[in-house]
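Given next are the chains, with one letter for each unit.
Number of protein chains: 2
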Amino acid sequence: MEDLILTNDNKIIFLILDGLGDIPNPAFSYLTPLEAAKKPNIDNLAMKSGILGRIMPVGIGITPGSGPGHLSLFGYDPIQYEIGRGVLEVLGLNMDLQDGDLAARANFCTVRDGIVADRRAGRIETRETERLCKTISETVSEIEGVQVIIKPGKSHRFALIFRGKGLSDKLSDADPHKDNRPFVNTSPKTKDAELAARIVNTFITRVMEILKEEKVANGVLLRGFSNKPGIPTFSHEFHLNALAIATYPMYRGIAKVLGMDVKEEPKDYQEMIRILKENYSSYQFFFLHIKETDLAGEDGNFPEKVKAIENVDAIIPDIYELNPHVLVITGDHSTPCPLKGHGWHPVPLLLVTKTGERDGMAFHEKNCILGSIGTIYSKQLMFLALAHGLKLDKYGA
Amino acid sequence: MEDLILTNDNKIIFLILDGLGDIPNPAFSYLTPLEAAKKPNIDNLAMKSGILGRIMPVGIGITPGSGPGHLSLFGYDPIQYEIGRGVLEVLGLNMDLQDGDLAARANFCTVRDGIVADRRAGRIETRETERLCKTISETVSEIEGVQVIIKPGKSHRFALIFRGKGLSDKLSDADPHKDNRPFVNTSPKTKDAELAARIVNTFITRVMEILKEEKVANGVLLRGFSNKPGIPTFSHEFHLNALAIATYPMYRGIAKVLGMDVKEEPKDYQEMIRILKENYSSYQFFFLHIKETDLAGEDGNFPEKVKAIENVDAIIPDIYELNPHVLVITGDHSTPCPLKGHGWHPVPLLLVTKTGERDGMAFHEKNCILGSIGTIYSKQLMFLALAHGLKLDKYGA
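Protein chains in written order, with this note's numbering: chain D, 6 to 402; chain P, 6 to 402.
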């Protein structure tokens, strides 16, 4: 079907409200946040030129992480393509990931007599982690020609990039995964990964040497080893120049992995709109990422999620006045407040277009069940957006 | 699942309104033609014994041509099986296509100093094309034992059949596809196609010799080379004797490619009904094709499309009085008036049966979203029709 893609300058905007989907909340008259939110701008578009439906990121009953959630939105099969946990961590800390890099998540831990007594080193403060990372950086910046790049995260967490040639990610976690188990090194899962295992284990040994006088954080655990994934670029797949605009680094990072451009790091929605407007003529596809809906869902905070949706509604006129061919408003997954975490529930989808069935309904989960799009896989959404962008040729004579 | 097919004389009628599906039309109170049409007979059947749904010919966002549209209606995977452009052209001109034939679309063009100055030869009149085709037919009726059959179409267009042994369709177009580019011959894409390429290029050379004194139409372009496709017959797939009744030759041709019988060439709906009645006892499956809905859609003519639907409604009593087990009313694709062309939108489907969920709704796009069939792929429709025709055995004990 890729042969059918036509090139034109019609604009497609994906406004992604992270964790948007929700379920009726018993504490709030069994409404969902999307139903309860006053969102006159979104609903006006939905009623006048909207088609509704639901997207399923991976499959029925499957709760997706941010990686598969976004890959599928952008038309990739989230089963075929994967962004490793180490890579996501590194992207979330705004580190620069290059081809061939081996990324890992890491944290400080407490080791006693070869046993991991506390995998989180008593959740030491962020500034402690910063101090220790600085020392490690200065002491172990290179192993056998492989560059080691370290960046502290929150509390006991940090992230790592090993930059060098031939570093496979086929490595077991250097982490017993539970307290009071023996400390472990990484092991290569394939012969190709022997070099990477040696580098990583040398790194661990040298770090343990540095930390040996520490009372609490006297060990490190590394896990989620992953290379920068070999995914075909978005522009190659869909013949679109794409710009990603996101306040959170992880989402700019995922976009970069797909070869999308990332101009700046906006601080707030106003800056996002400014970047969108300044670059509108140079791109055909825009990915705008909103994190606040997911944060509220993770906190189980219904009023906060309602407020987050209302705040997005306020910027809709600024976006729609650009007159895009297609405006998609949806999420990468559901984060229902009652679950305080990601859910498997299909995500409500609004596609604003002049060439659609015009469902004439407000945008929320219950109407989306009845919408003309039906319930589709997230990875199918891109083809629907391309169709409404008049970017697909006829199939067959 | 083919093992489950039972043989009985229960009748299935597919009444296909070409390009039936549409979208709400801003100029007509946001109705669709199917919603606006007064169709008491169809709606009476829909309310009393109808189940509704939508069919998707190829996939989400994909706009089908007539070939994949019909192949999928008849239960064939339109990705696996293909009817080439040359074959469709030849069928549309009512030419007799035989196994092994190599078909092509062709047109007269204007060549100056080896450059194709006008790919359409100033859109010469049909009678000019008829005159030139007659001369070519008389002069180049055979090349190396391969029979050449020519038939003029509208304006500068004509169609060709090369009839002989071993003529592969793996040929590049003998067409630069744009004006002011050098004239090109065909090239074989595989070693098998070398014979066909030589025959075609000899044909072109001899025709150019014939045309050299012409002022405007002094060249020919050939494209869409395709063999009669090797598709298993409909009767083999579904154990049904099938009769196709269509006023337009292309649809009789597609049916013939699938091995359906074609008795006569009806001039109007009354003749279609007469042929249906006369042959009703000899077949189990009937394909009735209505072209007018698509023509109106292509013209963007909403009132005309409404009228076309109403005209079909008038013949429904004549069809249903035959008391078929299953009457399917749907389209091969959507042709929304606002698009003035084929669309990717799912096609409304009505299946009249005594063994269904009985949705109790009038037949139009908006109700079809809510129907008990849901949105299915067109290629799945045949199995639903077989089921309601009580032609499918139980699967498993």
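Hints are computed from structural coordinates only; laboratory data are not their basis. Any given hint could turn out to be false.
One copy or two, either will do: identical chains are not told apart, so a pair holds if it fits within one copy or between any two.
[Unchecked claim] Quick list of in silico lysine-lysine cross-link-like pairs, DSS-like style, CA-CA up to 25 Å:
1) K282 - K156
2) K345 - K16
3) K359 - K371
4) K217 - K194
5) K268 - K156
6) K371 - K53
7) K345 - K399
Hint by hint, which ones does this structure get wrong, listed from lowest number up? 1, 4
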